[in-house]
Structure formats: C-alpha cells, structure tokens
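Engineer: Since the structure of chain A is already known, use the hints to place chain B on it.
Chain residues, written in single-letter form:
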Amino acid sequence: MFAISSFVCGLVFGFGLLISGMTQPAKVLGFLDILGRWDPTLAFVMAGAVAASGIGYAIARRQGHPVFGAQHLWPTRSDIDQQLVVGSIIFGTGWGLVGLCPGPALENLASLSPRVIAFVLAMLVGMIAQGFWQSRLSSIRVVKETPLASADG
Amino acid sequence: MAEFDPPSALLGGVLIGVASAMLMLLNGRIAGITGIVSGVIANAVGDQPWRLAFIAGLIVAPIVSGLFVHPLPQPQMPGSWFVIVAAGLLVGFGARHGGGCTSGHGVCGIARLSARSMVATTVFIATAILVVAITCHA
Numbered sequence: 032m033f034a035i036s037s038f039v040c041g042l043v044f045g046f047g048l049l050i051s052g053m054t055q056p057a058k059v060l061g062f063l064d065i066l067g068r069w070d071p072t073l074a075f076v077m078a079g080a081v082a083a084s085g086i087g088y089a090i091a092r093r094q095g096h097p098v099f100g101a102q103h104l105w106p107t108r109s110d111i112d113q114q115l116v117v118g119s120i121i122f123g124t125g126w127g128l129v130g131l132c133p134g135p136a137l138e139n140l141a142s143l144s145p146r147v148i149a150f151v152l153a154m155l156v157g158m159i160a161q162g163f164w165q166s167r168l169s170s171i172r173v174v175k176e177t178p179l180a181s182a183d184g
Numbered sequence: 750m751a752e753f754d755p756p757s758a759l760l761g762g763v764l765i766g767v768a769s770a771m772l773m774l775l776n777g778r779i780a781g782i783t784g785i786v787s788g789v790i791a792n793a794v795g796d797q798p799w800r801l802a803f804i805a806g807l808i809v810a811p812i813v814s815g816l817f818v819h820p821l822p823q824p825q826m827p828g829s830w831f832v833i834v835a836a837g838l839l840v841g842f843g844a845r846h847g848g849g850c851t852s853g854h855g856v857c858g859i860a861r862l863s864a865r866s867m868v869a870t871t872v873f874i875a876t877a878i879l880v881v882a883i884t885c886h887a
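Sequences listed follow chains A and B, in order. Residue numbering for the first sequence follows our numbering, beginning at 32 and increasing consecutively. Residue numbering for the second sequence follows our numbering, beginning at 750 and increasing consecutively.
So here's chain B without its partners, still in its complex pose:
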C-alpha cells in the first residue's frame, strides 16, 4: 500500500471536487454516488442515461489511466466473504436511508454548507472509526 503522499491526496481531492462542480455547472446535478445509483434503481423515467453514463465514467477511469500512468491498485479487503457481503448490504441500505454517502454528504453537502450533510458525515466517520477500533484493536 502506498505511503501517505499529501500532494497526491490534495490533487486527487481537487479532481473529485472539480468533477462535482462540473456536474452541477454542466448538468445541474449533485455528484452523490448513492443518489445517482438510487435513481437508476428507482427507475426514474428519462433520467437514466446521465446516471449510467456517470457510473460508466467511474469504471472506465482506471482502465484509461492504467494504459498510461496510473494503474488501479488491486483492492486489499480484509475479512471473510460473510463480512464483505454484510458490509455491502449495510453500505447500500445505510447510505440510501441516510440520503447520501461520502460523496453526496461528505463532499457535495459540505461544499453546500448543508448542516444536514455535516451531521451525516460526522456520524458515519465517527461510526466507522469506532468499528475499526473494535475490529482491529478489541
């Protein structure tokens, strides 16, 4: 795993922010992954193509990048298959239930100075820190 590299972290973060800004400036939409995927699931008529296109861009990005400079590192995920499936269920249910995830609340919501998103972000980061403290140190 790569060491902490502040310039890459900041540059990558700025790109995420630029993407979020572009989606609002060009299409007038919030770049929340949970909201985008939920819209596909909810089958909003006439609203599918841009959602699927955004998701496609997200998946194509590491393929394009891998051809040139920055290949996608093989994801290292701890835990059994049971933990992975349980975590996926919790992430999907919880993020939609709470109206957003790291992108929708953590980036877009905080950038809008939404108190609602600040509360959500604080709660999910604090919960995740607690879960890691228990699973790794208890």
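Looking at chain A on its own, in the form it has when it is part of the complex:
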C-alpha cells in the first residue's frame, strides 16, 4: 500500500504541474524574466500549492501516525548555513539557464524529448557527484563532530 499511495501522490503531483503549465520550461522562464513580458503563473502555482500543503500538514500534525506508516518524517534542520545558500545559488543558476527543475524535468521524460533526456541524465550525474562531494566533506567534519547534513526535501 505504501508504494501504491506514493504512486497516486506522484500522479496527482504530475497532474498539478501539467494543469498549471509548469511542465513547460518556456513558461517558467516567462516568470523568471521580469525584464520581459512577465508571466506571473509560477507565483499563483506556488500560492495554491503552499496553501493546500499547509492545510494538509496542519492535519498531519494532529495525526498520531500516517495512514500507511509508523511515523511522520518531518525534516529536522532549521539552521541556515553556507551549504544551503551555495547549493541554492548553483541550483538557481541551472534552473534559470533552461527553466527546468527536477519535478518537471522527470515528468517531461514522457515527451521522449532528447533534450529533456539529456537534461535528466546530467541532473542525475550532478546529484551523484554531490553525494561524493558530501561524503568527502563529512569525512573531514567527523573530526569536528558536526552532525551529517540531511535533505529537507
């Protein structure tokens, strides 16, 4: 059931990206291009998504445990460190270059566009490279006894 409900969530997420127009990189770039013909779509999408998600999370906070799981895995980190900022600058640079972020990139694989496939393969290589980078960083940090970084989402 755990995987089936996850599949349904992915499906609904995909419908949302599609209906909102956010699978289209050109439309995302239209939002980021504040000096051109600005397209406010992304702001509306985020507002709707944050509101609906926020309501769901408020209910989840009152839930003893998730329907199909033992516990809610909420992200635990609240510190704002250099890695958060540097990572977001690197991500924002790539996002601004073509208008694709991970969710729409994966969904666009369904178009079988060679350019999307190339982007996704490069994205996976980037994520794997970060994993190696992180384990190097962590092995240095062990000496300082700093806790391991965990993903927020």
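Source of the hints: derived by calculation from the structure; they are not laboratory data. Heads up, the beta-carbon is just placed ideally off N, CA and C, and yes, glycines get one too. Errors might be hidden in some of the hints.
Stated by the list, open to error - Label-pair ranges, simulated between beta-carbon atoms:
id, chain 1, residue 1, chain 2, residue 2, range
1, A, M32, B, Q825, 37 to 43 Å
2, A, I171, B, P820, 17 to 23 Å
3, B, V818, A, S169, 45 to 51 Å
4, B, N792, A, F99, 20 to 26 Å
5, B, A882, A, P145, 36 to 42 Å
6, B, A875, A, S169, 25 to 31 Å
7, A, F163, B, L862, 46 to 52 Å
Structural biologist: Same frame as chain A, but now just chain B:
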C-alpha cells in the same frame, strides 16, 4: 505557449499541494523531488519502492492525462546542447547540495513555515531571475 491563465495556475498549484499533503498524511514523507530522487541514488535499503513509485506516477501523469483532456505540451528549451547538459549538472548538484528544490523547499518547506526553506527559495528564485536577466537582456 499558453497565455497566463490564473484559474489553471491556481488549480494546478492546489493539486500539487494536495499531492504533497497526501504524501505526508498517507506515508509520512515530504514531497521533495530532490529528496526523493537522492534517496534512490543513496540506495537507502527498504526505502526504494515508494520513491520509485512516486517518480513513476509523475511520469505516467501526462500519459494518462493525454488520453483524455490535457496532453503534455512539447517542452520548449532554449540553448545549445552544452547549455542543457551544464544546466542539468548544476540543477542536480545544487538542489541536492542545498537540501531541496522548488518542491522540497518552495512548496513543502514554506508550507511548514521553515525559515531555512524560505531562505533557500528566495536565493534560488533570485539567482534564476538574475541568470535570465543576463542571458536574455545583457
């Protein structure tokens, strides 16, 4: 490319939020695409099926939708192959390095009122706006 359509944008956004809420209410997980994919890469034992199932749902969505009402528009991506591959590398490395992307920080994190995610979202949107300003107008 479709014109700005506020009702579709809001409805689509709400669906994304509903999916994120459902994943927490049903499975107790955060719907951050970077986190989900990174978990597959990190090969967390026993934790793979739900991650792969979510990604499968994301890819199947436009196929199902295309059979009925809303086909997937052919993605229009500017730039050379070099730019596309470079952008993919930057997106993958940066999103994992910063602990999340548009979904994990921008939707789930802000919905949790996480200051960390608000900072990340502000930084990546501001950076992307700057990059577009340079590539399109400089």
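Engineer: Hint by hint, note whether the structure agrees.
Structural biologist: Okay, the hints, checked on the actual structure:
no., hint, result
1, A:M32 / B:Q825: 37 to 43 Å, "39 Å, holds"
2, A:I171 / B:P820: 17 to 23 Å, "50 Å, violated"
3, B:V818 / A:S169: 45 to 51 Å, "48 Å, holds"
4, B:N792 / A:F99: 20 to 26 Å, "22 Å, holds"
5, B:A882 / A:P145: 36 to 42 Å, "29 Å, violated"
6, B:A875 / A:S169: 25 to 31 Å, "29 Å, holds"
7, A:F163 / B:L862: 46 to 52 Å, "33 Å, violated"
The structure fails to meet hints 2, 5, 7 from the earlier list, while all remaining hints are met.
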